[in-house]
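There are 2 protein chains.
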Amino acid sequence: MELDENSLQKFGYIRRETSGSINIDPLQTGGMLTEAARRALVEWGDGYSVCDFCPGTVDIIKKPPINEFVHKALPSFLGIDEVRVTTGAREAKFAIMNSFRNKGDTVLLDGLAHYSSHLAAQRAGLLIEKVPSSASPEYTIDPEDYGHCIEKIIQKTGKPPVLALLTYPDGNYGNIPDASKIASVCHEYDVPLILNGAYSVGRMPVDAGKIGADFIVGSGHKSMASAGPIGILGASEEYADIVFRKSPTHKKKEIEMLGCTARGVSIMTMLASFPAVVKRIREWNREVENARWFSEQLGNMGIRQMGEIPHNHDLMFFEAPILYEISQNAKGGRYFLYKELKARKIHGIKPGLTKNFKLSTYGVGREKLSSVVDAFDEIIKKHD
Amino acid sequence: MELDENSLQKFGYIRRETSGSINIDPLQTGGMLTEAARRALVEWGDGYSVCDFCPGTVDIIKKPPINEFVHKALPSFLGIDEVRVTTGAREAKFAIMNSFRNKGDTVLLDGLAHYSSHLAAQRAGLLIEKVPSSASPEYTIDPEDYGHCIEKIIQKTGKPPVLALLTYPDGNYGNIPDASKIASVCHEYDVPLILNGAYSVGRMPVDAGKIGADFIVGSGHKSMASAGPIGILGASEEYADIVFRKSPTHKKKEIEMLGCTARGVSIMTMLASFPAVVKRIREWNREVENARWFSEQLGNMGIRQMGEIPHNHDLMFFEAPILYEISQNAKGGRYFLYKELKARKIHGIKPGLTKNFKLSTYGVGREKLSSVVDAFDEIIKKHD
Ligand SMILES: Cc1ncc(COP(=O)(O)O)c(C=O)c1O
Ligand SMILES: Cc1ncc(COP(=O)(O)O)c(C=O)c1O
Numbered sequence: 004m005e006l007d008e009n010s011l012q013k014f015g016y017i018r019r020e021t022s023g024s025i026n027i028d029p030l031q032t033g034g035m036l037t038e039a040a041r042r043a044l045v046e047w048g049d050g051y052s053v054c055d056f057c058p059g060t061v062d063i064i065k066k067p068p069i070n071e072f073v074h075k076a077l078p079s080f081l082g083i084d085e086v087r088v089t090t091g092a093r094e095a096k097f098a099i100m101n102s103f104r105n106k107g108d109t110v111l112l113d114g115l116a117h118y119s120s121h122l123a124a125q126r127a128g129l130l131i132e133k134v135p136s137s138a139s140p141e142y143t144i145d146p147e148d149y150g151h152c153i154e155k156i157i158q159k160t161g162k163p164p165v166l167a168l169l170t171y172p173d174g175n176y177g178n179i180p181d182a183s184k185i186a187s188v189c190h191e192y193d194v195p196l197i198l199n200g201a202y203s204v205g206r207m208p209v210d211a212g213k214i215g216a217d218f219i220v221g222s223g224h225k226s227m228a229s230a231g232p233i234g235i236l237g238a239s240e241e242y243a244d245i246v247f248r249k250s251p252t253h254k255k256k257e258i259e260m261l262g263c264t265a266r267g268v269s270i271m272t273m274l275a276s277f278p279a280v281v282k283r284i285r286e287w288n289r290e291v292e293n294a295r296w297f298s299e300q301l302g303n304m305g306i307r308q309m310g311e312i313p314h315n316h317d318l319m320f321f322e323a324p325i326l327y328e329i330s331q332n333a334k335g336g337r338y339f340l341y342k343e344l345k346a347r348k349i350h351g352i353k354p355g356l357t358k359n360f361k362l363s364t365y366g367v368g369r370e371k372l373s374s375v376v377d378a379f380d381e382i383i384k385k386h387d
Numbered sequence: 004m005e006l007d008e009n010s011l012q013k014f015g016y017i018r019r020e021t022s023g024s025i026n027i028d029p030l031q032t033g034g035m036l037t038e039a040a041r042r043a044l045v046e047w048g049d050g051y052s053v054c055d056f057c058p059g060t061v062d063i064i065k066k067p068p069i070n071e072f073v074h075k076a077l078p079s080f081l082g083i084d085e086v087r088v089t090t091g092a093r094e095a096k097f098a099i100m101n102s103f104r105n106k107g108d109t110v111l112l113d114g115l116a117h118y119s120s121h122l123a124a125q126r127a128g129l130l131i132e133k134v135p136s137s138a139s140p141e142y143t144i145d146p147e148d149y150g151h152c153i154e155k156i157i158q159k160t161g162k163p164p165v166l167a168l169l170t171y172p173d174g175n176y177g178n179i180p181d182a183s184k185i186a187s188v189c190h191e192y193d194v195p196l197i198l199n200g201a202y203s204v205g206r207m208p209v210d211a212g213k214i215g216a217d218f219i220v221g222s223g224h225k226s227m228a229s230a231g232p233i234g235i236l237g238a239s240e241e242y243a244d245i246v247f248r249k250s251p252t253h254k255k256k257e258i259e260m261l262g263c264t265a266r267g268v269s270i271m272t273m274l275a276s277f278p279a280v281v282k283r284i285r286e287w288n289r290e291v292e293n294a295r296w297f298s299e300q301l302g303n304m305g306i307r308q309m310g311e312i313p314h315n316h317d318l319m320f321f322e323a324p325i326l327y328e329i330s331q332n333a334k335g336g337r338y339f340l341y342k343e344l345k346a347r348k349i350h351g352i353k354p355g356l357t358k359n360f361k362l363s364t365y366g367v368g369r370e371k372l373s374s375v376v377d378a379f380d381e382i383i384k385k386h387d
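The listed protein sequences correspond, in order, to chains U and S.
If you read the first sequence in the numbering used here, its first letter stands for residue 4, the second for the next number, and so on.
If you read the second sequence in the numbering used here, its first letter stands for residue 4, the second for the next number, and so on.
By construction, these hints were calculated from the structure, which means they are not laboratory data.
Since the list gives no way to pick one copy over another, a pair counts as held whenever it fits inside one copy or between any two copies.
Listed below are the simulated DSSO-like cross-link pairs for lysine-lysine, each with C-alpha atoms no more than 30 Å apart in a straight line: (1) LYS256 / LYS106; (2) LYS254 / LYS358; (3) LYS65 / LYS353; (4) LYS106 / LYS255.
Construct all of the structure, not just a fragment, from the sequences and the given hints.
Spelled out as structure tokens, the structure:
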């Protein structure tokens, strides 16, 4: 591409097409900024803005109060000893796995683990074993299966996995497994457990200490009303020195953090949204009620929620044979649903999906959720 | 920390103390947002905003035109075959090094390499050897020394380093080494060269192809007028398949990218600033002139620039025995200089430094640079 006036015109400021829609995209409902975060964006937008008074690494900056946020507020928020900010949940998982890397070692993932947990393990050169989930429609994880899988790994390789991971909830069905039980089972074999809270930390109460997780990771842009990319990584005292080990040559810098991670505006949006995030978690029951209500309404139209019922999270997976049938003859084919929803200013179900799709009701509120329910009803009736 | 009303008040929206100052912080002069980027921040601030129409990974998103930006505009901009966006220059360096990791292998760094190059190598478990720089005051790198060091590594380990890296320019003195010559020397031994352009890409013309670099990395928040954290990683065809190798289980996802990197507003600020960045590079000569002029003015006051003279970059390191002497008796001690500059609304020299400090004249312009020169002059005279 020649970089001339003409081609450069394609870049510059670009508008976001979906602005102003009701958003039920599971990736997006928990990441929308608060007003405070939006103001922080403008104030701290420039490059390495937060480094004005850098004492060596980003997590110990006192002005703005990142040090207090990372080393006091977040540990208390997560119920864990040590926390660092990362550039996302996946980078946090990788930092942990890379700290335990050793050729021939295994990490045990739940069968519903996000692709990024697999990639983190592959990037760290670890072998992967999976704890199977139950079959459709529930897809649950039996804590005892962690024990069985660990036994199998010991048989196969002569040693237990170096780490186990649990996706809490998983990113497909929004199922909330029995994390405490799973932690106990792992600890029977001295296997440390990573709790992947990409879809929970910042939305619902999660306490790594109470659960007994050794590590916890969260996603700022997904669930903490932050501008991406940003995440958090918590570790118990027992393992903090391993994951946050310092460079032998640059004594202030932590190797897995490459010194500094969220060295810019993203951390200021997380900090700006934090008071609101702490408060919204107290309203989690209402969010669960809204999700259940929504699931029931769609159920009445023949759109069936998979995963745990009654449901315990805003992320839900639906099977909609009725919409699939309509798509067979509708104008626009499999894109008909996307188009119908778009015409009603509803965004978040992937273009082209009809038979199965996921969505999230988080923070949408009963009124807008009612509009979404009405939209599905109308669309089905229209194509009847 | 108890997360109650009282403690939560410490977070939320926070003002930036240095707003409105003349900024000569080397970390910050090249990362200030353009107006287009500032508007993009607000439009695309929400969490995973860019994922509205995700086709599998962030780099191939068509709406907004990230695909065209990453796969057409950036390769042309850098003069290299394949580019990805990362969360920073250091993460790009690590991705390369991690792709070449093999126990007992070595990476060869220039003696002026940034700490993050060391940490990237340590994180990837590679051994480090360094090409020495010449002594004070010049600190230059002799291309032939790359050859000597490679020979030494072969003698010591039986094989050449798996990678060499050159910091272009280095982050202390702003010296511009003879990168083409160094690339040739490395290629005599079939050692691929990483060009660390954290301080060049986005400020001055750099063409990896012309130089003969196999990899090039850049820093968005440092030198491309972008909100952090964001960087870029370019690779020649020969090595692109190694660094951008795909997951065996998730065929669309690249392992070193963990699938997606800059999955949020940061990439939209880079894209928004890009036309202006391309244009500002054409004004590089003026920036060099300004730097030289500034260096000369400070020189006249006994503040001596280290590194190459005449200088070829906006980043400069100064030795100021005269300011150090003043600090011995001044009110505020070693913080006197910081305070005097702050009183004149000049930000960017680290609080507490007097004897040695670095600064950058990039994009500041002659008028404001004159004010800075006048400020130094005043401060010295005042304490005479
Ligand atoms: C369950 C789960 N874990 C992890 C991630 C990755 O989060 P991040 O983008 O912060 O790496 C996701 C993102 O979709 C997810 O759904
Ligand atoms: C020479 C050099 N390389 C790399 C970096 C790191 O850049 P980034 O923050 O994009 O990782 C810096 C930052 O100061 C630098 O000065």
